[in-house]
Amino acid sequence: MQERRLPLGIQDFEELRNGNYLYVDKTDMVWAVANNRKYNYLSRPRRFGKSLFASTLKCYFEGRKELFDGLKIMSIEKEWIVRPVIYLSMSLGGSDAQSLKEYLNERLSYYESVYGKVQSEQSLGNRFNGVIRRAYEKSGVQIAVIVDEYDVPLQHTYDTDQHEECRTIYRDFFTGLKDFGYCIKCVFITGITKFTQISLFSTLNTIANISFDESLATVCGITYSELTDNFQNEIKRLADKCNMSEEATINEMQSLYDGYHFASNMLNVYNPYSVLSAFSRGRLNSYWIASGSNEMLFKVLNKFAKDIPMLDGCLIDADYLEESDVNMIDPKLFLYQAGYLTIKSVDGNTYVLGYPNREVKEAVQNSTLR
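Residue numbering for the sequence shown follows numbering that gives the first Met the number 0, starting at 0 and increasing by one per position.
Calculated from the structure, these hints are not laboratory results.
One thing to keep in mind: the hints can contain errors.
What the hints assert, rightly or not - Calculated lysine-lysine pairs in the DSBU-like style (CA-CA distance at most 35 Å, straight line):
1. 116 - 100
2. 100 - 305
3. 298 - 177
4. 331 - 360
5. 235 - 77
6. 137 - 71
7. 177 - 116
8. 343 - 360
9. 100 - 137
10. 37 - 64
11. 240 - 64
12. 71 - 302
13. 305 - 235
14. 305 - 64
15. 77 - 177
16. 77 - 64
17. 37 - 100
18. 137 - 177
19. 302 - 37
20. 298 - 331
21. 360 - 302
22. 37 - 77
23. 331 - 343
24. 177 - 305
25. 37 - 235
26. 116 - 137
27. 305 - 343
28. 71 - 100
29. 137 - 77
30. 184 - 116
31. 235 - 177
32. 77 - 100
33. 235 - 302
34. 331 - 177
35. 240 - 331
36. 235 - 298
37. 240 - 77
38. 100 - 240
39. 71 - 37
40. 177 - 37
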């Protein structure tokens, strides 16, 4: 039997399943997101598996039942309706307004080749609306719209003269998600940062921020039981390479990579990128911190460099954390969204934030977040 491969860097569900990669089964949550609400927004830090989850959701909506053989969803889903899926990966949207328009034009041109084009539809927004409507009319079923990493162009341009133009493009482009809601079964949007003043949030006033949903607290990341159930061979190999017992290895991984909480039920998850990197490289190092960041993080760190070490144990209103727009006035909100702070405890309607684990804490204390 072919040995299972570690899915480090794999963001495509079809590639993962056909390539015999190890998969931590989250498909019960895929079904819940797909069927519980129409408009959904999920925020998680970079490299936590948002894109893989979005790809899995896409394959589900496309009715690709064969890819889900043996997974939890098979006992839940009975119909497997094949739906059109409009999928936008905004990490390809570039770092300026022109690149963003070019990417959206390229994607629309592709979907227009599938569902048809109307000459009178000239603006990006009208073309998007037309694709949504025709996909629904031609298929006879409601469609799915998935927007992965929606905030990348907005983060790239934050605090620059390009930012407002990018916001305007978004505001004009996404209005059809509400106006043509009758055509849509599900909208699923992922990102790190919540920019509330663009149409994704101001127009879609019914969008559910599922980022703090207790039932989805472990939708991205790896729980302790998932670690010990799915990675037994990898833990043993890592322990041998580190000349440690398996128990000591798990304890060290817990100290370095665990400790993220994304809901008030305080369910722990490990950083999946660091876990998979440790297994792949056979060493217990700080991998997520070293894997890069983004321009917005640099701006926050530079502006609040003296304040950040004091944020371990800081308080933040729960409603503010869950609903507010990112800003450059208070660093706590963005640092939570980016994964450098997490919920450490809950006191009524107040969250206590702090470093999730040693990997992050040591990086901050050693000033390596540059």
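Evaluated hints:
no.: 1; hint: 116 - 100; in the structure: holds (18 Å)
no.: 2; hint: 100 - 305; in the structure: violated (38 Å)
no.: 3; hint: 298 - 177; in the structure: holds (33 Å)
no.: 4; hint: 331 - 360; in the structure: holds (15 Å)
no.: 5; hint: 235 - 77; in the structure: violated (38 Å)
no.: 6; hint: 137 - 71; in the structure: holds (31 Å)
no.: 7; hint: 177 - 116; in the structure: holds (21 Å)
no.: 8; hint: 343 - 360; in the structure: holds (13 Å)
no.: 9; hint: 100 - 137; in the structure: holds (27 Å)
no.: 10; hint: 37 - 64; in the structure: holds (22 Å)
no.: 11; hint: 240 - 64; in the structure: violated (39 Å)
no.: 12; hint: 71 - 302; in the structure: violated (46 Å)
no.: 13; hint: 305 - 235; in the structure: violated (41 Å)
no.: 14; hint: 305 - 64; in the structure: violated (52 Å)
no.: 15; hint: 77 - 177; in the structure: holds (29 Å)
no.: 16; hint: 77 - 64; in the structure: holds (10 Å)
no.: 17; hint: 37 - 100; in the structure: holds (26 Å)
no.: 18; hint: 137 - 177; in the structure: holds (20 Å)
no.: 19; hint: 302 - 37; in the structure: violated (38 Å)
no.: 20; hint: 298 - 331; in the structure: holds (14 Å)
no.: 21; hint: 360 - 302; in the structure: holds (19 Å)
no.: 22; hint: 37 - 77; in the structure: holds (20 Å)
no.: 23; hint: 331 - 343; in the structure: holds (13 Å)
no.: 24; hint: 177 - 305; in the structure: violated (43 Å)
no.: 25; hint: 37 - 235; in the structure: violated (43 Å)
no.: 26; hint: 116 - 137; in the structure: holds (13 Å)
no.: 27; hint: 305 - 343; in the structure: holds (22 Å)
no.: 28; hint: 71 - 100; in the structure: violated (39 Å)
no.: 29; hint: 137 - 77; in the structure: holds (24 Å)
no.: 30; hint: 184 - 116; in the structure: holds (22 Å)
no.: 31; hint: 235 - 177; in the structure: violated (51 Å)
no.: 32; hint: 77 - 100; in the structure: violated (40 Å)
no.: 33; hint: 235 - 302; in the structure: violated (43 Å)
no.: 34; hint: 331 - 177; in the structure: holds (31 Å)
no.: 35; hint: 240 - 331; in the structure: violated (38 Å)
no.: 36; hint: 235 - 298; in the structure: violated (41 Å)
no.: 37; hint: 240 - 77; in the structure: violated (45 Å)
no.: 38; hint: 100 - 240; in the structure: violated (49 Å)
no.: 39; hint: 71 - 37; in the structure: holds (22 Å)
no.: 40; hint: 177 - 37; in the structure: holds (10 Å)
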